Amino acid sequence: MVATAIAIVKMKDLFAIIMLLGIYSLLSACFFVAMDAVDVAFTEAAVGAGISTLLMLVAITMTGRVENPSRHKPALALFVVVVTGSLLIYGTLDMPYFGLAQDPVHLHVAPRYINDSMQEIGVPNIVTSVLASYRAFDTFGEVVVIFTAGMGVLALLSVVRHPKDVAIDNSKIDAFNKCMHEEHLILRIVAKVLIPFILLFALYVQFHGDYGPGGGFQAGVIFAAAIILYTMLFGMNTARRVINQSATQLFAAVGVLLYGSVGVISLLEGKNFLDYSALSADPIAGQHLGILLIELGVGITVTAVMVIIFFNFAGRRNDQQNKENNDL
Amino acid sequence: MIMGLYNYWVVVVLMMIGFYIVIAHGNLIKKIVGLSIFQTSVFIFYISMAKVDGGTAPILAEGITQYSNPLPHVLILTAIVVGIATTALGLALAVRIKEAYGTIEEDEIQEKDNLDC
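In order, the protein sequence lines correspond to chains C and R. Counting from 1, position 218 in the first sequence corresponds to residue 218 in the working numbering; the numbering is continuous, with no gaps. Counting from 1, position 104 in the second sequence corresponds to residue 104 in the working numbering; the numbering is continuous, with no gaps.
Derived by calculation from the structure, the hints in this document are not laboratory data. Here the structure is a predicted model, which means the values were calculated and not measured. One or more of the hints may lead you astray.
[Claimed, not checked] List time: in silico EDC-like cross-link candidates among lysine to aspartate or glutamate, alpha-carbon distance up to 16 angstroms:
| id | chain 1 | residue 1 | chain 2 | residue 2 |
| --- | --- | --- | --- | --- |
| 1 | R | LYS31 | C | ASP13 |
| 2 | R | LYS98 | R | GLU108 |
| 3 | C | LYS73 | R | ASP107 |
[What the hints assert, rightly or not] Chain C is nowhere near these chain R residues, computed Cβ spacing over 12 angstroms in every case:
| id | residue |
| --- | --- |
| 4 | LYS112 |
| 5 | ASP113 |
| 6 | ASN114 |
| 7 | ASP116 |
Think of the CB as a built atom: it goes at the ideal place given N, C-alpha and C, for glycine as much as any other residue.
Sequences are here, hints too, so could you generate the full structure?
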């Protein structure tokens, strides 16, 4: 991993750098598996190696792929880095040793989660029960952050499309579909076979999150990856016809609302915000229902935001190309 | 002694590589790459803290007594997804800067700004 990171510093070609970053993410996902963090590894593999590599590639098609070789005072920067690094390493000398069960980090709240979560929540995957129940308020904040980032990208990159363009696009799609049988035929057929299974797997990850690694965040990313795969192979315009833009934006908001309203319902029932035992007479059943609902909310928001981000990046690129063609 | 602290040193090295990219390189995309290396080093820091020797993944099952700490896993899981969302926002800004200035090299942007004043 360190070797990959150093190679990233040396390289000038941004395309190669982004590929290396993907490898780096995959390596860190493997490391997370070795460290028993299966949920985290799952997320990192889907997000770091998949979606972020894609987004960066789309971004460099618009910004150019060669980096200017000049540096800002490299000697000074290296000096600052070395000093900070050695201070940090000096700081680690007092840190508790790796892997000991009596490290301070394992003594405070973790024993309660490990010992009592089965009685209190009834979900075998402790990561899910902490994420969706004990720390649900925190997770709510994170979903809102993702939603806000999606809206930010929308505000920065969204393109207004005229009805005239849409009509032209539709005629283009028909022509495109005719010639599609000649171009990338194998890729398209394989993708057509694969996409339903990817979607099914995403749903499995979504609803099996209580018992194994998985949950709304991972499922959302996998679901979005399937849609992005479709967009890449069949073209932006076809995908726009299949997936309605404003519906996607609506879904992003619906996910957050679903999460928030679960909290409000438990408030109205006279319990604390996001206290799921209010949802049902039996507290454990209430917890199950609550976790299911908010994971669904998280999944919907994450999918919608990822799709919004990708569509806006790719759509902007298409428009740039069209403009260039018109200028010529 | 050396093996006990080895994980922290890897984290520090990765973090400093990311930091160096952020301060020494002028290209905005490369800066974002540097930031994500920095970010991943923090993830590794948390996850390596959560590891307990002889522990297993924190999914309750019969006959297992020692689990790794689930709390850092939860924090990092959400941090990864939030991280990609913020990275996307950064890339969107870089694209807009490219459209406005025609470049994403920091010094060239600075020159153009100086000319305008």
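Okay, the hints, checked on the actual structure:
no. : hint               : verdict
1   : R:LYS31 x C:ASP13  : 14 angstroms, holds
2   : R:LYS98 x R:GLU108 : 11 angstroms, holds
3   : C:LYS73 x R:ASP107 : 12 angstroms, holds
4   : LYS112             : 14 angstroms, holds
5   : ASP113             : 16 angstroms, holds
6   : ASN114             : 16 angstroms, holds
7   : ASP116             : 21 angstroms, holds
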